[in-house]
Structures are given as C-alpha cells and as structure tokens.
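From just these sequences and the hints, can you work out the full model?
Read off the chains here:
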Amino acid sequence: MSELNTSAQATPVQLNRAAEWQRATEEPEWVRRSLIGIALAFLSAFLILPLLVVLVGAFEQGLGVWYAAVTEPDARSAIRLTLLVVAIVVPINVVFGVTVAWAVAKFEFHGKPFLISLIDMPFAISPVVVGLIFVILFGSQGWLGNWLSAHDLQIIFAVPGIVVVIAFGTMPFIARELIPLMQEQGKQEEEASLTLGASGLKTFWYVTLPNVKWGLIYGIILCNARAMGEFGAVAIVSGRIRGETNTMPLHIEVLYNEYMFTAAFAVSSILTGLALVTIAIKSTVEWLEQRTGVTA
Amino acid sequence: MSIRVDRINKRFNDFIAVDNVSLDLPEGQLTALLGPSGSGKTTLLRIIAGLEQADSGHIEFHGQDQTHEHVSDRGVGFVFQHYALFKHMTVFENVAYGLTVKPRRERPSKEAIRKKVMNLLELVQLDWTAHRYPAQLSGGQRQRIALARALAVEPKVLLLDEPFGALDAKVRAELRRWLRRLHDEIHVTSVFVTHDQEEALEVSDRVVVMNNGRVEQEGTPEEVYDHPANPFVYRFLGNVNLFHARVHEGTATIGDLSVPVPEHHDSQEQDALAYIRPHEIEVLASNESGDAIHAIVKSILVIGPSVRLELQTEHSKELIQAEMSKHQFRGLGLLQGDEAWLRPMQSKVFLQEDEAPAVSGS
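Protein sequence lines, in the order shown, are assigned to chains A and B. Just so we're aligned: the first sequence equals residues 1 to 296 in my numbering. Just so we're aligned: the second sequence equals residues 1 to 362 in my numbering.
Calculated from the structure, these hints are not laboratory results. For glycine and all other residues, C-beta sits at the position ideal for the given N, C-alpha and C. Among these hints, one or two may not hold up.
Stated by the list, open to error - With a straight-line Cα cutoff of 30 Å, these simulated BS3-like cross-link-like pairs (lysine-lysine) come out:
(1) B:Lys102 / A:Lys187
(2) A:Lys202 / B:Lys110
(3) A:Lys106 / A:Lys187
Claimed, not checked - Chain B side only, calculated, beta carbon under 8 Å to chain A, not exhaustive:
(4) His68
(5) Val71
(6) Val101
(7) Val153
Structure, rendered in structure tokens:
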C-alpha cells in the first residue's frame, strides 16, 4: 500500500532518466517485491526454521547436556569417522575430477559425450541402490566376496565400504565444476607454456591449475559438504555398528530412533555447524573470485 | 637458423590439411605463409613448432632433424592469434615465464631475469605495463607482450600464427610495420601465417602462397605479386578483372585488342582468360587507336584520393573494375552511363584448361 502512495505522489518531473530507463526493462515494482517475498518465505520455512529447530533442540537442556552428548564415545567415534572419510574421499575425488576434466577438455576422443554422462550417474542413481550395488559386489555373499575373505579383506560393514560409497556418490562434484571451465579456457595457454620450454608437469602446475583454482576450490567445498552428509548408501554398507561404522548422519538417526532427541539434535548441531562453515568458506571463495576476477 | 620442411603430410580424418609440402626457409628471413582459411598454413606452422605431429615428413632447424623433438625442446618462439597470455600472471611474470621454468642449472639469476625482462619490455615499448595483468591491456599491447614473452627464451625460430588477426585495422597496420622494424633489429628466422595478402606483401621477405594444403608459389613479395604462377595466386593477391580471350600462336585477342603472349606460342585457337588488375587498366574517353575494348561506365566510386570505375563490356561476365587517381579521372570527364574504352597496361593470360576453381580474391 505504501508503495502505491509513493508512486502516486511522484510527479513525472521527479522521475529522472535512470528511473524511466529501468521501467522499460524491468518488471513492475509489485512483481519484484512479491517474487523476492516468496523466495524469502520459502527460505525461511525450509532452511532457516529447521536450522533454528536444530539449534534450539540442541541447547534446550543447557550446554552441559549438549557437551555430554557430543563427547559421549559413540558420538566421538561418529565424528572421527566422518572426518576420516572426508579426508580420504575429497583427495581421491580431486585427483579423479582433475584427471577427467583434463581428458575431456584437452583431448579429442570417441565416446566423450558418453563419458560425460557417465560422470553424472552417481547423481541419477538412488543412494540406496548405490549401497546395494556395493554390497552385491563386495559383500561376503557377493561377486568378490570369496576372494576378499580369502585375502582377509573386509570392505562391507567396515570403513573401506563407507569410503567407497561416499567417493562414488560425491564423484561428480569436482569434475562437473572443472569440465566447463577447462573447456572454455581451451589449451592455448598450455601450448604457449610448452613452446616456452616448460615440461608437462610444470605447465600443469603453473598454468592449468592456477587457471582453474577457484573452480577446483568450489568443487572441493561441495564435495566435502556432500561427503559429510551422505546417508542412504552409507546406511546400507556400514552395517551401523555403533562406535565403529556409524558416521554422523547414521549416529543421529540411531539417537533419534531411541528417542534421545536432545542428543540427536546436539550431534546434528555439529554436522550443521560443519555445513555452515563450508557455506561460509564457499561464500568467501565466491567473493574472492569476483574480486580477483576484476583485476586479473 | 634456417628451417627446412621436407615432404610434410598431415590429415585430419578425411581432410588433407598439408599435402606433401617441402620448403626451405633461409636464415634470418621473415617469411609469410599466405593462404585462405583451410589452406593448411596454420597446421604447417604448428607442425614446425611441434604443437602438431606430421603424419610423415621431416622438419629440420639448421640441418638438425627436429621431427621427433618435443615442442618444449625445440626452442621455438610461438605467438598465438589470441595472445594466449597467462591471465593470472602479471606482464612481467608472463615475459619471465620461459626463464623461470628452466631447470635450476640453466636458470639465470633473479636479477638477470629481471634485467632481461625489462629489456624486452622496453624493446616492445611496454615497460610501463610490467605490473599490470593482461586483461588491463589492449589487444595490440597484449600481442606485443606475447612477442616479448616468446623472445625471452631466445628462440631459434619465431613462429607467429595470424598475429594481427584479432586486432582492428588501424592497430594491425601499425603493428605490422613495427614487426618489420623489430625483425630488422633482431634478425631471428621468422615465419608468420596470414590470410591478408596486403600484410604478407608489406611485412615479409618471402611469401609462400598456400591453397588446399599445397604450396602454390613462393618468392619475394614482388615476384609473387608481379608474376603470379597461376590463376589462384593471381586472384588471391588482389582484385582482378577477367576478360574472355582467344589465344592463337602467341597472340591473345580480346575483342579488337591483340596482346602478345609468347608463353602460349604453340596454342591453336584456344579459349583463355586474361587477368588484369584494376590499376593496370587504362580508361580512355575515346577510341583513338581503334583497338581498345568498348565499355559503358556503370558506376563511379570515389575512395579517398582514388576513383574506382565499374564498367560493363561484352568480354567479361562481371563488371570490370578500373582504378585511377582523382586527377586522371577529372581529365577524362566521364559520367555514369558514358561510353569508355579500355586498354590493359599489363595482363596475364591463362588458358582455360589451367583455370583453378574460383576463389574470391579479397
């Protein structure tokens, strides 16, 4: 209503050129306001509200209870396991992502579109199915089960299985981020570097990597966030052994199922905190990227 | 160092990019590889650099076989059409790159690198940009930095791929004069690729005209321009008018006009085309000698100091273009629609059978 009033008060003389120009290219004021309003309402309902619920739930019974819940041995084991898995999975996917992006962007070969759609597969398959695939492959009754048990290797219901499914599920993030970037940049700078006498490795280190630096960091952040939160596939292959193969999301579910809501929320708050840190880093990266993008 | 290209072949699937090309490029000269797009000139340059592997044939620098040397060991300076400067490095770091990536044993000291880079930046007259990023420079400046970067490693040969292709006309003209002067100073054997015949004729010591992966003609710019070996070269090196002619025992006739063509002395009543450049046609207001070609003035175009007439004759399918100075044009007193008579001052007659497929000379 106040919007209507101000526009009614404005005489044509008061409208400067810039405003008129805007009018020609933009939607009316009320459309903009309501679109932004709807977006904000959605965000509040589906993101901010749950976040508040988690934090309130976690600290409802005081800091002592929260602390006890997150330092309890099973919780500590879950946190440690999650961080360990992330520390293994992210480097693996960095190597894989850079390799695939390099191959796709710099070389011509048959079946390239097929390879690109293969990379997307982990996004397309339901995590539960992913978990089952690996159980069938590596489980004691599975295809490789006999060979694995003969060599005393356990993958399913152990840390390696968790690493494998999480690595699989988060595989596309870095590659997806790098492929368009590298394709856009082409290979002229690399060629220039080679003609100047640099070896392939130096070219990669001094020219290719700095050129995709921001994309790579962005991909790592996304990969990291997803690796921490992965649930479905892990639930299947981990066997949910308390204090051993429970990651944080699994541990939270266990607590929740046992009606230990405060503890569940407390561990959730740690996971959420890690996610918030990730988002903060991501925003900083974007900001830095924009700033250096202007000067470089 | 001299460059020897020995029977180089290169195909991309079904497309023959370079078709058995052999060339000897003498030491210290600036050679232009001139041709339309798809003529194989860039592929040949990249094969010389080692950025592309030939299917067969050899590349030698100063008598030494380079065919199997890796691009980073060949010691070539390569300048790309779109500069290919390292975006994330300053101008100084770009120029210093070739020196800083050398193995520790061969790498000059920090101070020596700094001195060398600053000298090169002075050479390309851009020492004041040392701490800027490539994105802050204009296209012409970037290309000069790219050149300085290529020169920093003291290349045996300098290869330039359409170096001025991405620049606007005025900068291009300035830069190519500058390149010519620079080459006169440093005398490194250089090859540059261009599709612009004016650029090739103005800048180079030698011109190699290429078409469909083959060398059509090579020689000094003057030789190539004044004595084109075949219709393709004639058309590619500038605007040209085609007149229908008949050749009989060393004489070509275009209408009433006879032109001696001693090179075709054994031809008997053969159809031919006479190639005549617009500035090699004399336009007359009256047919005093009685053997000039009759024409009608269709349009008059004043382009700065010169005048281009378009005329129609019955001996050519297309309109004939004739160029003259404004002063000459005033003397003729011709108006649109007037009759005029044409006499070629110089021409080249090719028999119909060696007529190459039409190429729009630009």
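Any hints from earlier that this structure breaks? Give me their numbers in increasing order, please. As far as the earlier hints go, only 4 is violated by this structure.
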